[in-house]
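Asks: Spelled out, the chains give:
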Amino acid sequence: MEIIIYGLCESFVILLFALGFHLVFGLGGVVHLSYGAFAIGGAYAIGIFYWRLGWAPPLAILVGIALVTLLVFIFYKFLLSRTQGLMINEALISLAVLLIIMDVIMLTCGTAPVPFPNVWPERLVPLFGTQFELSRLGVIIIAPLICLGIWWFLKHTTGGRGMWALSADREVAMLMGVAPVKLITYMIVIATIVSMVGAFLSLSFLGLSPVIGELIILWVLFAVILGGVGSFKGMVLASFIIGFSEAITASMLGSELKLLAPLVIILLIIVFRPSGIFGVATKLEERL
Amino acid sequence: MAKRVDLIERSIYKRTQSFYAVSSWVEISYLLGPWIAGIAVAVLLPVFCQFNAYVLYVFTIAGIYALLAISWTLLALLRLYSLGHAMYIGISGYIIGILSVSVWNLPFYACAVLAIFGGLLLLVSFHAASLKVKGPYFLLATLLLPIMLAEATYLAPGILRAEEGISGIPVPSYGLVPPSIANYYLVTVFVILILIFARRFINSKEIGLIVRCIADNEYAVEASGLSVWRYKILIFAVSSAIGVIAGILYTLVRGYIGPSSLSLTVSLTPLLGSVIGTVSTNIAGAVIGTYLLVVLLEGLRIAAIYKIIVYAVIIVIVVLTRPRGLFHYMEQFYHFFRRVYE
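Going line by line, the protein sequences match chains S and H.
Start counting the first sequence at 1; every next residue gets the next number (this note's numbering).
Start counting the second sequence at 1; every next residue gets the next number (this note's numbering).
With the rest of the complex left out, here is chain H (with noise of 0.2 Å):
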């Protein structure tokens, strides 16, 4: 006999979703709980891992990462997908390690203003020159950009130290925070909660809508009176400096710039964690799926040398299978219930 599963909206979840929710604690609660429940979890894990510098470390990268998928998923809202993340790592880092490591000795603090404002100028006049590409098209242009800088290291063997890297990038000896890796993740999570918090903010204003419009129809949004222009400009360079934020803590915690990071698997696992996470831009979506996605790359571990494959074999089943992304699974779990017939 075939089962039949019935999702039944809670009552609470469409009571909470107008000016109810003011009127009452409990649903109040109802509303803030999951949020809640993340920053405390999140703010409180060194904590509960005992300052377990291992542990701290996968969650730093993985923080890193999720700060690329946020960047990503900017990107996604104009329907431009990139496969080229690591390209936003790969130009700050390697502006860290010219500056601090194979021409000049500039303390780290300097080299991390430089690196912002060089990267953002780089970044942003590619994107700017590649305004009208679009489609796959966007996809293969961003695909080639790591191989081309990584290819570009040969060209300078004695300043971008071609296959080696350069190794030995300072951390920051002074400073508001001391160079820990429990601080290091701190500043992850608290970069990720202001721009979760600072993207609900932008979804209610004008611009949000805007780039909406032009994700679906650039004519419509040009007739009006508006310049497509600036707003693609706009979202690149947001993009761009979130991109080039996650590419200077990168190169901080793991000390190191080199080809390997400009590598096909780096690029894709934002990409791969905003798809897990969520089919739509919903950032905390992405932010889960790319915690997760991490931190079952590093559990790999223990499948050894067959540690790509197993990564691999997990992607087409999770695109396959889960085509709407864990997060719209998590929240229907939460706000639904489910009547099962036999």
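With the rest of the complex left out, here is chain S (with noise of 0.2 Å):
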């Protein structure tokens, strides 16, 4: 019982993260790899406006989400858009900028982990005879909401349907009126934002440092690719054997470990099947 509610908690941590990354890399197709990076900063923000400068938790969020939203509008107005679509110099500089951001964190605030404002009330709920945090439950309970209203928006509204476009045929999307730089930039502010949504849930209780920024962009990588990119119902399935595969494995060899399974079954996807589990866009390739 106690892995099925971890491991529930730890996929919807993933999807949370992956959501947004869906956005970016999966249906618009930017090499964007300093996305944990951005998430990472934001909650260091967060974390220094209230512990450093004494704010109160809801002021601190809210201005670290607007700083970060502000600082990617700049790095992919100015900087990522600027490549053209070249894919090796958009993952060169946003890896650049992933060094600069991890390099910043490590001289301000070093490796130690930072306290972080927690939102829920520190409390201990007995369920299934075992003590759990809120903010565990929470998680589980809020993120399918969020991931429910990401799905609407991209069925529902102008934007998000531009999107699909994108990913099905950039040209033809473009012929039809979708202005790619200027959308992609509306859905890099959009993923931002849900990325800090997801790290001021889970960061109570994974607790605030470096390796967490590592550990955000190789999940979301993780499920990208597990799941096909460009499918929503892929990455939903592939957080959910990501989440679950992590837990089994904490349990089992002990967290330092708990990458491993996640990592092997990705080995087994890029031989088997390169495309994912949901992916269709290079299933004529595979032939090959």
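Worth flagging that the hints you see were computed from the coordinates, not collected in a lab.
Hints may be right or wrong, so weigh each one.
[As the list claims (entries may be wrong)] Just a few of them, taken from the derived set where beta-carbon distance is under 8 Å, the chain H residues facing chain S:
| hint | residue |
| --- | --- |
| 1 | TYR54 |
| 2 | VAL55 |
| 3 | LEU56 |
| 4 | VAL133 |
| 5 | VAL316 |
[Unchecked claim] Covered by chain H, according to a simulated footprint, are these stretches of chain S (three or more residues, beta-carbon under 8 Å):
| hint | segment |
| --- | --- |
| 6 | 87-99 |
| 7 | 257-266 |
Each residue gets a CB set at the ideal place from its N, CA and C atoms; glycine is no exception.
Can you join these two chains into the complex? Each is in its own frame, and there are hints to help.
Replies: Structure below.
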């Protein structure tokens, strides 16, 4: 029972982070490798406002989100979109920005964990004979709602349908009046806000340290590759596979080795089905 | 008043593109001059710096990264961009570390031979498994590999020594070249030169043409009755072999292998060197770019704790403002002269 609750919680945390990356990389095709770094940088900004400057948690959270959103907007508008979709240059610039953010974090806060404002009252809830933190149960309740919200947004708004069109065929979408850079700018802002929501729901029990930034980018890469790039249901399924395999490995081998099972699963997927579980984009190419 | 700049070809450049170059020493030396000058500077560097161990160490490491950059450009020829070249160093280094320190005490040359075969086997079998992977998928798959190996070191802390890494790898006590940093430097230079000339040989052969075709259109190559699979494996094997040699030299020069050798910065350096050096898959450009980058990185030690930030800012500026690579501008400077209108 404990494994099921912990696995669910882990899966929903991964899902929250993967949603934003799905918008940017899965649908928009932008190799935005600094995604996790921005989320963790924003969390650090919130932590500093709260812990060093002594602001009230709601103010710290709002200002933190606004600041990071602005930074991501500047980053995409003035750096990433200038590469004109050249994949290797996109990857290089976003990795360079990742290095900068991680280094600034190390210089200002060091590698030790930093206290993060808890949005939930610290209380243990008895469930099925064991005690769980309220924050973990909160993630299990809120994450599906956000996921449904993004799903609705993608299906029923002009912007969301534009993203589907871009992922299906970029040229035809542009002929139909979709402006890729403008649309992806909106999407990258939305993705950042979603990832920040994920961060402040989950960091109160994950703990805030630079390692989490690397963990986030690994998680989202796993989820998007495993599910198939551009597939929403694939991403959801992949988050659950990764979350539960992590929870099971952590309970069997200890929490330092919890990434091992997902890594093996990813390797098998790359070997036998590179397009992922529900990927259709490259199915034809796989015949060769 | 805005300036306008015209680039005009030197007439000697036009003439030396054909048989005229053979007919006169001036034109032959115009073509061969940069090569001879470059090779002379590279070979005579130990003399210029008066066998200063630190300078030679920096240039040896730069040469090893240049080897990795050559291996990277070979994969880039297939339009496969790898983000995990630290894996090549990691595999060969850990094989040597296991054989010579943590499990057995084999002499260095035996370890090196076993590392070449073992590393090739592992890397080629990985690449063979990931043959279908293309584009951003390849980028991500290779990004995960060094992380996977670093994670695996925790599985066998007795053999792979987890975080500390394996130190005290012995240097060869006998052999063709006595172990000194000047000799290691010359070995890297000669390997790079051999590869540069070997690449010119490959370019003019059928295989170069076929590989370019595979990058453009696999179906067309397959339809012509050629096995895409065979040529891809061949390129992977050559690229892995160069990477493994670089890994052996790296382990030998540093005497240490550990998770820090598998970090992202190690993977990024050869890639950045190639991108800074040249936009096409020109080996000489990649080598020059990598040497510049590593020496620059070493010079950034004066920036102390801000080193990584300065490095990353330089990456962003170069990628955005010189998308065609520095080698292209050097060629332009040599072959063209500029006329400026006011």
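Asks: Honestly, which of those hints from before does the structure not fit?
Replies: Numbers 1, 2 and 3, in rising order.
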